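There are 4 protein chains.
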Amino acid sequence: MPNSFGKLFQITTWGESHGPAVGVVIDGCPPRLPLDAAEIQHELDRRRPGQSALVTPRKEEDKVEILAGLFEGRTTGAPLSLLVRNTDARPGAYDEMREKFRPSHADFAYQAKYGFRDHRGGGRSSARETIGRVAAGAIAKKILSFGSTAQHGTPLEVRAWVASVQDIAMPADALKKFPTLAEVEANAIRCPHAATAEKMIACIEAVRAQGDSVGGVIECRIRGVPPGLGEPVFDRLEADLAKAMLSLPATKGFEIGSGFAGTLLRGSEHNDAFEAHGGKVRTATNRSGGTQGGISNGEEIVFRVAFKPTATIMRSQKTVDVLGHATELTGRGRHDPCVLPRAVPIVEAMAALVLVDHWMRHAAQNQVFKF
Amino acid sequence: MPNSFGKLFQITTWGESHGPAVGVVIDGCPPRLPLDAAEIQHELDRRRPGQSALVTPRKEEDKVEILAGLFEGRTTGAPLSLLVRNTDARPGAYDEMREKFRPSHADFAYQAKYGFRDHRGGGRSSARETIGRVAAGAIAKKILSFGSTAQHGTPLEVRAWVASVQDIAMPADALKKFPTLAEVEANAIRCPHAATAEKMIACIEAVRAQGDSVGGVIECRIRGVPPGLGEPVFDRLEADLAKAMLSLPATKGFEIGSGFAGTLLRGSEHNDAFEAHGGKVRTATNRSGGTQGGISNGEEIVFRVAFKPTATIMRSQKTVDVLGHATELTGRGRHDPCVLPRAVPIVEAMAALVLVDHWMRHAAQNQVFKF
Amino acid sequence: MPNSFGKLFQITTWGESHGPAVGVVIDGCPPRLPLDAAEIQHELDRRRPGQSALVTPRKEEDKVEILAGLFEGRTTGAPLSLLVRNTDARPGAYDEMREKFRPSHADFAYQAKYGFRDHRGGGRSSARETIGRVAAGAIAKKILSFGSTAQHGTPLEVRAWVASVQDIAMPADALKKFPTLAEVEANAIRCPHAATAEKMIACIEAVRAQGDSVGGVIECRIRGVPPGLGEPVFDRLEADLAKAMLSLPATKGFEIGSGFAGTLLRGSEHNDAFEAHGGKVRTATNRSGGTQGGISNGEEIVFRVAFKPTATIMRSQKTVDVLGHATELTGRGRHDPCVLPRAVPIVEAMAALVLVDHWMRHAAQNQVFKF
Amino acid sequence: MPNSFGKLFQITTWGESHGPAVGVVIDGCPPRLPLDAAEIQHELDRRRPGQSALVTPRKEEDKVEILAGLFEGRTTGAPLSLLVRNTDARPGAYDEMREKFRPSHADFAYQAKYGFRDHRGGGRSSARETIGRVAAGAIAKKILSFGSTAQHGTPLEVRAWVASVQDIAMPADALKKFPTLAEVEANAIRCPHAATAEKMIACIEAVRAQGDSVGGVIECRIRGVPPGLGEPVFDRLEADLAKAMLSLPATKGFEIGSGFAGTLLRGSEHNDAFEAHGGKVRTATNRSGGTQGGISNGEEIVFRVAFKPTATIMRSQKTVDVLGHATELTGRGRHDPCVLPRAVPIVEAMAALVLVDHWMRHAAQNQVFKF
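Chains D, U, H and G are the protein sequences, given in the same order.
Just add 563 to wherever you are in the first sequence, counting from 1, and you've got the working numbering.
Just add 563 to wherever you are in the second sequence, counting from 1, and you've got the working numbering.
Just add 563 to wherever you are in the third sequence, counting from 1, and you've got the working numbering.
Just add 563 to wherever you are in the fourth sequence, counting from 1, and you've got the working numbering.
Hints listed in this document are in silico derivations from the structure and should not be mistaken for laboratory results.
Every value quoted in this text rests on a predicted model; they were computed, and no experiment measured them.
Hints are supplied without guarantee of correctness; some may be wrong.
Treat identical chains as interchangeable: a pair holds within one or across any two.
[To be verified] Here are the computed lysine-lysine pairs in the DSSO-like style, where the Cα-Cα straight-line distance is at most 27 Å:
1) 843 - 933
2) 705 - 570
3) 933 - 570
4) 762 - 881
5) 570 - 622
6) 762 - 843
7) 881 - 739
8) 881 - 843
Let the sequences and hints guide you as you build the complete structure.
Written as structure tokens, this is what we have:
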């Protein structure tokens, strides 16, 4: 249960960083969806190590195997089971962590919780856990794109990118329009504003040379969402998005629409006036960020996620060992000086998982029976 | 299900703003807890209308009735059913909303979702829905306080307050220590820094006089949390707190520990070094905000929640009616020009609900069987 | 959670036999369903005490109040909250049970579980708990009837009756056709075979005169179920029906289709041959009982539920008190010598709840997205 | 979700009969449990094909791989992922089933539900799906045995056996005591009464020679269950056991304690009088079958499960093809003429899963906080 996400389109991830494999089971997937491994692989390649000079050099192909739920190129409605072997595990690199807690990592918290831990590469808290999320997200994206096109004539698109690295941020007016995937993928940092991307890359390279790390903010927009998805109380769309994002390693904050900056406005400045557009109800502005009262209103969903600087740094840090003695520890292993470029497809995956689940929930309650 | 929160300590709220009553069912409450209605009433009084000049004058005593689950002053382990009658409902005040969508309210989204809505006072999206949360939260707080004292010798305390209203914020160094409840309750805005509180109150009064509204930020700290609560993947403690907070009306953002500001630091500046303190592992700083890898580390849990300015304002606004025609609407009814002072006990309640649920989950997996 | 049933159409019951009220919250109900209290009351009247000479004389009108979720005669999609006051509680009649465990009642098990119990009338294990189920079931039945008619042209009907009391059973060939509600309601025992009903009634009256009690078997058939409802593995339709029935007080067994008697046949005798009937696939026989592989096949669903004799008898019985001393106890209070006539609407309610939940689940996965 | 079972100790099975593998993810397993693959393999060997002349000759070693959740011989608290490759898949043997629905199999129901199906060997409805259940059940049994011994001084034991095959049943008084595992495993049919076992085996051999099949009843007893496990309303222990058993392929009935036969007794004959036994409350008889009001009372849990005759028979049967035309079909492939001997470990596994889940739930609500 703690390793599952979603109510109707439910994923369960498993596997440790330095165990034999990681994987995901997807339960509730609609039947008859055309699917092949290459589509999933495409998204996994966006998050895999070694894809550019900016990220960890761990050599992993992250080749996905589909073990169940697919028959003659279509989903059957049975659970999909996807598996990725760990081929470049080097558990020996973590011997020191058996005895010492890495600062701002989960080591100590795990020890307190379980009284026992797989110390190799963070075990379950490794970023490798997100492979299953990205794989499942690839399927969720396809369902949303197909489903939306079939029902509303336009595809639902989920697009994330790096909006800032440390204090290097895209200019406020840089985004005239919803960016294309190509624009995001045009550079190694996944920022669709070329000039900013260049500065971000230079920053990360400098920081890495110093054995240090940086964080930043990812922005995500979703267009083509039909009005009516979400729930009015606990399972608000923004609540589930917030949970999805804060469930990712290294995240420290989430905001939707106007976010924290919106607290500086008055109601008369903040409210989104409704307008009639050829039979459709639209809003003149989008400070709400695409949801009102927890339910989509048909505008773009817009949110931002804060990622802290990577906890592993190649410098000596003060810490404590499992016996409670003060000691020091210097980061080793192969790590990202900045997690943001690889986090972009993960943010998209989680957003897609939330949306497909709410789509199915909405339909079950509100569209099945016609009264 | 969409109206339930929590996995082991589960609450289900029901009721509309202008129906006969609102209530909550609490399932999974431990048995034998001493409890009386007055303890719950105390918390309800902190969120009820009419408690000060800053909030809505709707006249509601919000008197709680306990209909089940209590026997001879103790919980039985059966579901607690709590009910509060709506005594000052004035559905007629909302006749105009039957036809017109209020800007930045849930009216249009509800119509899109359900094809039908109780237009009176927002129906289910009214702040009156939070009565059940606060009532359940009062019980959760008591469990945490008793449970923590019994198991660890110190009570677990959840304290929230208003950190900023519009651009009026407490000075960064104002909080030398964990504030007492009395300090928070010392003024109508629930800001424990008297000079700031005064400015906030003046701001709200001015804004109300103009028929406008303001938002702000609530900060919440929790101390006495044992290390080990939370889950490593989807149900991270911060993920469940984020969901809890974004499930509240008018919220636009959540951040834990260093939050969005933490993205400006380098890893070497951001990491919390571990220190040995008389057999206990502590951190020198608390940028993590009390959780690492989704699990509490024994430090104070610290988070902030952004509340947008109240959507209802006493000014004419452009909108659309249910037939899709442009129209105008002027706010009526009895509303808060700023939701923050009444939101303080709600934030505390939701935080307490998350913690008691995780405490039970942690124990079930990790403490029941001793291997 | 332990007091909730259903995944998408979820009910949560609360209340004790001798507390102020009992009730139910129904979450996930489709919006726009025309509904009034009288429809629910009609079903409650079928299970209420005092309706005939065969059942407990406790004087309860069981008048239902709808507190939420209904607006202008239609459901809104928000949780329905239904409440029934206990008006003839006589907690004093149970003083002896504070100290003594009633044989074959839940008293001792509750004490072991909770270390504390509301001894008055069984508290939560009272048959009054089923009021909420019947109320929710009335709504589920209406949804099924309307939904099935709209989608398939024929109403889905759930019909239960008393098939046997002790060794008095309907003749094997008594049921030529699906019985009408009027046939079932034609006598106080709710057996649609008049001659058998007469004998059953005589048996119960004789047993009551002796201060004793009897049990029996309820049969339930459901027609108009579209093929395709259910799940292939854990949430098989028959598995959820079995759980629903064994969750009722006093039940000891469940069988579907051929049931236990089916174990006496060979495969060649037991298999249901498929036949083509004007474009529809039907089976020549129905030993499967309407489901195959956990999923409805369009045939009548047929199952039977065993109810033990009422545990409360007006005779002295050996037992133990809370201090572990041997003692005796003679039943008091107002009890049914045979629970079966009042259990008929409860069985129907639970079956309807299972079906509406599976209908919504089926649609969410298999009908929302068209691939 | 439809492929998951359990609330706190949750298993999710995946895989098809003729796909590359089947498996299970176990979430919520307590940490630090000593575990190796051989313990799981031992249980898998009890259910695997080809173990005796009575069962299907499909050649499968069913070799289990543990892919996650285990570190240095102990569980970590992370999800366990177990995988078994299908090595003797012969999908070609099922070509005919692509077009024809096998009588009393799930083929037609699947087609109706999903509009698409993996016709090879029943796909997901194959008995191979139960491999994951048995593997998870092996772990559950170990937890129960260790946990019970540590907490109560006696191991909890789950023992199932074949009580009848067709009309060949163990004599009513055959079981003087709780049978040992060795007694059950002493013959190929898994009936601890040697004389009856011999007749059963002869019956199955005769039936197979005729290309036919038989069913029967499995009995299961569980001893060492502490009083207090279960829930009073929907999640009664017997309700969850009933669901668990009816979720198994080929099951048609479940009864606990006196079961259907108990409906023939009067209350005065059926009630289990309480007796004081050296400080322990026990019952003189056990018609309740170990639970009262849904909660264990410390007596042996006793239940029986009806299995229909195997649907696949080696004879020609009338059926319909996917176009709705009448046709005939003769069973092929490698099948069990009687599923009961292989179902014994599956019944034990499901019972163990229910108990470990309820144990954890009970502890979370009732033992964590001491009031």
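Each hint tested on the structure:
Within a single copy, residue 843 and residue 933 get their C-alpha atoms as close as 22 Å, and across copies as close as 25 Å, so both meet the 27 Å cut-off. Taking identical chains as interchangeable, the C-alpha atoms of residue 705 and residue 570 lie at most 27 Å apart whether they share a chain (19 Å) or sit on different chains (26 Å). In this assembly of identical chains, the alpha carbons of residue 933 and residue 570 lie at most 27 Å apart whether taken from the same copy (23 Å) or from different copies (20 Å). Neither within a single protomer nor between protomers do residue 762 and residue 881 lie at most 27 Å apart by alpha-carbon distance, with minima of 32 Å and 43 Å respectively.
Proximity of residue 570 and residue 622 under a CA criterion of 27 Å is satisfied in neither setting, with 35 Å inside one chain copy and 38 Å between copies. Within a single copy, residue 762 and residue 843 get their C-alpha atoms no closer than 41 Å, and across copies no closer than 43 Å, so neither meets the 27 Å cut-off. Taking identical chains as interchangeable, the C-alpha atoms of residue 881 and residue 739 lie at most 27 Å apart only when they sit on different chains, with a minimum of 25 Å there against 46 Å within one chain. Proximity of residue 881 and residue 843 under a CA criterion of 27 Å is satisfied inter-copy only: 15 Å between copies versus 59 Å inside one chain copy.
The structure shown violates the earlier hints numbered 4, 5, 6.
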